[in-house]
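**Q** If you want the building blocks of each chain, they are given just below.
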Amino acid sequence: MGRSEIRIAGAGGQGVVTAGRILAEAAILCGRQATHSQVYGPQSRGGASRSDIVIATEQIGFPLADRVDLLIVLSGEAYEKYEPELGDDSRLIVDSGCTTDSSNNTTALFPVVETARSISGGLLATGVVALGVLQRFTEVVEADALRSAVARRVPPKHRDMNLKALEAGMDLVCVAS
Amino acid sequence: MNDVKKYLREWAMPHVLCPGCAHGIVLRSFLEAVDQLQLAQDQVAMVAGIGCSSRLAGYADFCTLHGTHGRAPAFATGLKLARPELDVVVVTGDGDGLAIGGNHLIHAARRNIDITVLLLNNSIYGMTGGQVAPTSPEGTVASTTPSGNTEPPFDPCQLLLGAGASYVARVLAATPTEMTKVMADAILHPGFAFIEVVADCPEYFGRYNKAGGGAEMLTQLAGRDTGVAVQLADKRFVNHIPSSETAPGLQTGVLRRETRPVFSGVRGGGDHGA
Amino acid sequence: MAAGCTFFGGYPITPSSGIAEQMVRSLPGAGGVFVQMEDEIASLAAVIGASLAGSKAMTATSGPGFSLMQEHIGYAAMAEVPCVIVNVMRGGPSTGLPTSPSQGDVMQARWGTHGDHPAIVLAPSSVGEVYDLTVKAFNLAERFRTPVIVLYDEIVGHTRESVTLSPSVEVVDRVAPDAGLQNFLPKAAQANGVPPMSGFGDGYRFHVTGLAHDERGFPTEDAEVAGDLITRLHTKVEDHADEITDVETFMMDDADIAIFAIGIVGRSAREAVGQARAAGAKVGLIRPVTLWPFPSAEVAAVAEQVDTLIVAEMNLGQMIGEVERAAGQRTHIVSHLRADGEPITPSALLDVIESSSRSEEGS
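If you're matching them up, the sequences are chains Y, D and R in order.
For the first sequence, my numbering assigns the number 4 to the initial residue and increments by one for each residue that follows.
For the second sequence, my numbering assigns the number 3 to the initial residue and increments by one for each residue that follows.
For the third sequence, my numbering assigns the number 6 to the initial residue and increments by one for each residue that follows.
These are calculated hints, taken from the structure and not from any lab test.
Note that beta-carbon positions come from the ideal geometry of N, C-alpha and C, so glycine has one too.
Any given hint might turn out to be false.
Covered stretches of chain D, as calculated for chain R (at least 3 residues, CB under 8 Å) [to be verified]:
1) 78-92
2) 98-110
3) 259-269
Sample of chain D residues facing chain R (criterion: CB under 7 Å; computed from the structure) [unchecked claim]:
4) D44
5) Q45
6) A47
7) F64
8) C65
9) T66
10) L67
11) H68
12) T70
13) R73
Please construct the entire structure, taking both the sequences and the accompanying hints into account.
**A** Below, the structure written as structure tokens:
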């Protein structure tokens with residue numbers, strides 16, 4: 004059916020919702036169908052936050068992830084909550100700052116939060132760094148489409164910083180592989 | 003006095019008001035004010051809630067909206083924002099405007115939307131059978147306070163002054179000429195204009211509290227008119243309840259008139275609220 | 006706005022606030038007016054006031070705010086004031102699960118206000134359909150002079166997806182009176198049961214009330230006149246139900262199992278039907294796009310066809326009674342419910358389909 008389900012989960016303030024929106028837009032720029040839905044708590048900062056992105060070649064029925072193909076977790080809380088829901092053939096990207104169950108072979112660890120902090124001095128670019136990792140890791144969307152979507156979706160004054168965060172995310176995969 | 007019959011829906015008579023009720027006098031004063039100002043009859047919108055006072059709108063031959071209990075200022079806000087050229091006048095009562103509708107009234111005042119509110123205060127719920135109201139003085143006998151009201155009342159004018167109304171006045175139903183003058187003045191005021199009309203309810207308030215019929219009640223009210231010069235005093239006028247205060251007076255006239263930006267909603271042309 | 010909306014009055018409530026936040030940006034530049042009122046009661050009152058002034062007007066809210074609006078939904082039905090109310094459903098009762106999806110207001114949308122009244126409720130399942138059905142809601146509101154509710158859940162409300170908007174939409178406007186000023190009867194219905202409507206300030210002077218009233222719009226206690234009015238308020242909608250009703254069916258041609266679902270659950274079901282078909286099950290979907298008037302004839306036809314009708318809803322069983330009434334004894338009905346703030350997923354529905362198929366084979 005050509006349907007990919009990607010879930011980005013983390014804490015409020017990490018830019019998880021924005022990252023999901025950027026990814027869905029990049030997929031649409033690549034000529035595919037995409038939906039983005041967010042699950043969030045009452046907090047704008049802190050608390051759990053989640054983006055579900057469904058990318059498909061045809062019209063999308065259910066717009067949330069049902070059987071997640073790729074899960075990116077950016078906080079320990081998100082790991083605890085969503086890792087157990089993964090199927091056997093799902094892939095998992097985890098921020099290396101999280102404590103994980105080492106017996107899980109499908110896990111790839113990247114220092115997403117640390118990289119974002121070194122670029123932005125805070126948490127806000129975390130989601131965009133994760134998108135860079137995701138692009139190199141899966142190539143579910145083309146790098147240029149992702150660059151355009153980032154440029155379109157973040158405020159002009161943060162554009163350069165976010166583009167840098169995206170490249171840094173991509174580089175994390177090159178260094179690791 | 004002018005002939006104001008052209009502003010009445012005679013086909014809608016007889017009206018629902020009781021003998022001795024001053025609401026008819028209030029309506030006449032309002033119609034006189036409209037006539038004095040020569041307002042276009044089809045550009046006047048009267049918006050009312052629920053209660054005796056609100057029924058007045060039905061007898062006036064304008065565009066009239068008899069809405070829901072307490073919500074007249076909210077209906078009027080939408081109406082005025084959508085069609086600013088209308089002269090929008092809200093007719094409400096003490097229960098309608100200050101109990102169930104208190105929130106809408108204070109917010110309309112705060113925004114300074116360009117409407118005129120006539121609050122006919124008879125200190126009781128007339129239409130529903132004489133229950134206690136938020137303006138019933140302490141001690142008032144009502145169908146829901148058979149042993150006398152123990153709650154302190156609102157002073158409507160003080161409340162609206164506190165809410166930021168740019169025009170606040172009090173008039174007595176017993177002094178119709180003055181009432182007409184203030185009403186015309188209030189309609190011309192750019193922004194939110196509030197008039198408390200102190201009225202009677204001989205059928206319930208008068209009967210339950212042995213305050214006499216309509217004529218007696220109005221005479222008594224007129225006797226307590228202190229004009230604007232005297233400090234606002236407690237409005238206790240129930241005879242059989244001794245007041246710890248000195249003789250209560252009723253401060254009448256225009257208590258505030260100020261100019262501030264008129265609310266027009268968020269709309270194009272850069273006049274956001276100004 | 007494509008439908009001609011020029012007035013929005015609202016009060017913030019999750020998860021519907023995004024609509025107000027967009028309207029305040031879009032309306033002023035297009036000649037419209039936005040106002041944030043002091044509560045939901047006032048919001049719908051302002052909308053009704055604006056509609057009486059001749060504007061097409063709307064508000065948007067969610068569960069608890071929708072409850073506060075019920076007073077004026079009844080008023081708009083009685084006074085016959087066109088308006089559109091969007092309710093983005095969240096978990097209830099009370100404050101409940103404010104950021105989670107639910108379909109807990111499907112009966113409130115029908116019966117929430119007091120008294121006997123007609124109801125038109127549209128239930129979109131996607132961003133594109135929210136657009137189309139909001140336009141339709143305005144058109145129906147204007148045509149029938151009645152409040153129209155657009156009802157969807159938090160997921161539809163917060164999903165972003167690509168949409169294709171029609172370059173032009175059909176727009177229906179209220180019918181203006183053609184009687185002279187002296188002969189105008191504001192509540193005299195045309196043959197279709199709907200009275201022409203004048204705005205305040207258009208020249209006609211008339212009375213509008215929530216009390217039972219006669220053709221002059223003036224209060225009456227005459228039983229015959231009041232009875233005729235209440236009946237007309239119903240028949241003006243019910244007599245045209247077939248023109249309002251809209252039902253999506255998917256893979257129903259040879260289905261012997263069907264899923265009945267609205268909104269987001271309808272999309273979940275569509276996905277499940279596709280997957281079950283791939284595995285060889287003869288499953289189909291019936292999704293009411295207009296929830297009220299209820300598509301009884303369409304449900305009855307499906308019930309006649311299938312052996313099992315699965316009713317899936319994100320509440321504890323609100324629509325099933327209506328489905329059972331329409332289906333009669335024609336089919337076996339299975340209820341699948343969820344009310345914990347989480348959506349009904351395609352996998353969950355696949356399980357229900359599988360167990361239904363097994364029990365069919367076993368019987």
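**Q** For this structure, which hints from the list above don't hold up?
**A** none
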